[in-house]
Amino acid sequence: MLKFWLRFLYTFEKKSSKLPILKLSNLGLKNADKLILNDVSLDIEAGESLAIIGASGCGKSSLLRILANLTTPSSGAAYYQKQNYTQINPTILRRKVGYCFQIPCLFGETVYDNLLFPFQVHSEKYNPQKVQKLFEQFELNPALENSSVTMLSGGEKQRIALIRSLLFLPEVLLLDEITSALDHENTLIVERVLENINAQGVSLVWVTHSLEQSQRIANRIITMKDGAITSEHKGARNASS
Amino acid sequence: MHQVSQVSNTSLFFASSLILITLFFSYWQKLKLEKDTIISVLRAVVQLIAIGYVLEFIFGQKSVWFTSLLLLFMILNAAYNAARRGAGIKHGFPISCLAIGIGTVVTLSVLICSKTIHFSAYQVIPVSGMIIGNAMIALGLCYKQLLKDFQQKRNEIETKLALGSDILPSAINLVRDALKTGTIPTLDSAKTLGIVSLPGMMTGLILAGTSPLAAVKYQIMVTFMLLATTSIASFIACFLAYRGFFNSQKQLV
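Just so you know, the sequences run in chain order A and B. Numbering (this note's numbering) for the first sequence: 1 to 241. Numbering (this note's numbering) for the second sequence: 1 to 253.
Simulated from the structure, these hints should not be mistaken for laboratory data. Hints should not be assumed to be uniformly reliable.
To be verified - Chain B is nowhere near these chain A residues, computed Cβ spacing over 10 Å in every case:
1) K23
2) N26
3) N38
4) L42
5) D43
6) A68
7) T86
8) T91
9) G98
10) E145
11) S153
12) A161
13) S165
14) E185
15) N186
What the hints assert, rightly or not - In silico contact screen, one side only, chain B against chain A (beta carbon under 8 Å); selected entries:
16) A162
17) L163
18) S165
19) D177
20) G204
21) Q249
All C-beta atoms, glycine included, are put in the ideal place defined by N, C-alpha and C.
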């Protein structure tokens, strides 16, 4: 009898630890008459680093926008810890599931305006130490904090946008081709910082064109074609959790 | 100066000879505008005589209900036009009704309570015409600005939404820009009053025999009420209209 209960508890614990943090179930997306996503089902585990690869227009970014709750699917559903997205306050959900755009948008006049915004969203006082720590990790000049956003290079803009998303760590971070406009050196810096973030338990979902990059950054890779997932295989990186 | 100058029918008849100058130029330069000129003049005369009789009837009414109904009709009409100018704004008509309605009621209440005007058709209707018309134009400008900004600044709004911001903090800059766009023309015209332009109402009062100083007092009152109504109506309309750009999931539509 005791053996039975122990086995039951072990199985239950194993199952519950495998509970996906995000789940997409038979997702479909239509824009006008064009089918963008077709019956996509996907589980994203807590702490994993997942890469989604595929050609342009295959539906990768649309999938990410649905995960970020910036687009509602035409059919199927998205879940955060078993809870349907439609049942969760979108503002709360987006603080748990962050999203970084391919082309970063820096608003306001200075870098400071952008870094202040997350603190305002979380009703907290601006913390310069927290900001400077991230500046160091991304190898950015601390003086940039007071620069005009129009004076930044593409690489600096993307790193500032990433810092803005990382000031308050989400549980899942969605990264939409964030390194596509960066040179090799900046790409490696960004990958290294995000690897550390992943090690802290934040799940990463990368959308990328590069198979080589996906091998480097992910412990699971899925391939998409014509709005559907066509294959799934392991990445070269070991799982952090 | 203080005598009301009346235009007699005979002097009006002689003034009509001025039309002959227009007709002469058209005939001389072969502009072929003679027919159009005659039709335009006849239409202007008939329409103005007709509206003269209508206004004579309206201003003769003493009933509070009649004045209120007429006011409501003017607000609905202005709201319809403002909503048409802002085609694409969700619930444009009810929002405009509320914005223009509240702006008008607040301004009129202050004017009536301060005994600047009386609640009679003779005073309320012309004053309301000015403030409602101004609010209608301001709302049209606000809506156009909102539509343009929500089209052009989607990335900025979605970036803020993705950072966990609610819809108002994500769109507040756009709402403020629209508010400014609606209010600035009224502010600008107030700045140049008396220097660049003498407003039609003031000119009309002076022509009708009112002393310039008394006419100026009226114009100052008109400026205050136009500013108040424009800002109240623009504020209500912008803060209600921006919500229509988001769905229940707080996503841009």
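Task: Hints not upheld, ascending by number - done: 6, 7, 8, 9, 12, 13, 19 and 20
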